[in-house]
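> Now for the letters of each chain:
2 protein chains.
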Amino acid sequence: MQVAHGNLLTKLPSDSSAEVFELLHERAGLKIERIVSNGQASPPGFWYDNPQEEWVLLLSGSAGLTIADTAEEHVMQPGAWLHIPAHCRHRIEWTDATQPTIWLAVHHEVSNET
Amino acid sequence: MQVAHGNLLTKLPSDSSAEVFELLHERAGLKIERIVSNGQASPPGFWYDNPQEEWVLLLSGSAGLTIADTAEEHVMQPGAWLHIPAHCRHRIEWTDATQPTIWLAVHHEVSNET
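Those sequence lines, one after another, are chains A and B.
Reminder that position 29 of the first sequence reads as 29 in the UniProt record's numbering, one-by-one numbering, no gaps.
Reminder that position 108 of the second sequence reads as 108 in the UniProt record's numbering, one-by-one numbering, no gaps.
Hints may contain errors.
Given that identical chains are not distinguished, each listed pair holds provided it fits within a single copy or across any two copies.
[Claimed, not checked] Computed cross-link-like contacts, EDC-like style, restricted to lysine to aspartate or glutamate with a CA-CA straight-line distance of at most 20 Å:
(1) Lys11 x Glu72
(2) Lys31 x Asp96
(3) Lys31 x Asp49
(4) Lys11 x Asp96
(5) Lys31 x Asp15
(6) Lys31 x Glu93
(7) Lys31 x Glu19
These are computed hints drawn from the structure, not numbers from a lab.
Quick caveat, the model's predicted, so the values are computed rather than measured.
Let the hints inform the model, and build the full structure from the sequences given.
Shown next, in the form of structure tokens:
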């Protein structure tokens with residue numbers, strides 16, 4: 001049986017002018033993707049508010065992530081993970097300006113969960 | 001809102017005599033865990049045959065993983081990922097003998113999928 005495989009730390013996108021999303025695996029209710037940031041941040045005043053829950057892992061680089069209604073910024077270094085419940089508003093304050101920041105994001109649909 | 005968070009590369013288990021599984025997140029149909037190996041391998045002749053599909057990522061260390069019915073061994077280095085379909089038999093031939101091998105495993109239930 002052939003299986004899909006790859007490496008999150010290699011074949012980085014050459015264009016660093018925008019965040020690059022790469023779908024790695026998708027099934028009903030589940031999506032796994034790599035995100036590569038190069039200094040990008042959420043626009044001022046913008047908050048993500050996603051219907052899916054998200055489990056996110058930082059593999060390389062660094063980033064600051066804020067959860068709405070908390071004063072705390074999560075400074076993420078390699079190996080750091082965070083579980084963001086559905087409709088938990090959050091924003092990326094900053095990503096590393098000196099090297100690519102590589103994320104793994106696991107999106108999970110929970111709307112039909114009993 | 002408080003969110004669960006941690007770092008996969010820190011707080012490694014002190015006991016290296018067996019693989020250590022740590023549940024990071026669990027929802028209906030989804031389980032995310034960290035696995036730390038210290039030279040362990042699957043027993044001779046043993047094959048994993050799981051009803052869930054598994055998406056696995058190696059963060060640190062190294063390992064060799066074989067898929068049944070293929071002659072190929074996947075030598076996994078940091079950043080390497082592999083998607084293992086449900087009931088795709090596989091085994092771990094070896095893990096790094098000189099340092100901990102840290103895995104992220106995403107298990108996804110597919111039995112009720114339409």
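> Check each numbered hint from earlier against the structure, then list the numbers of those it violates in ascending order.
Of the numbered hints given earlier, those the structure breaks are 1, 2, 5, 6, listed in rising order.
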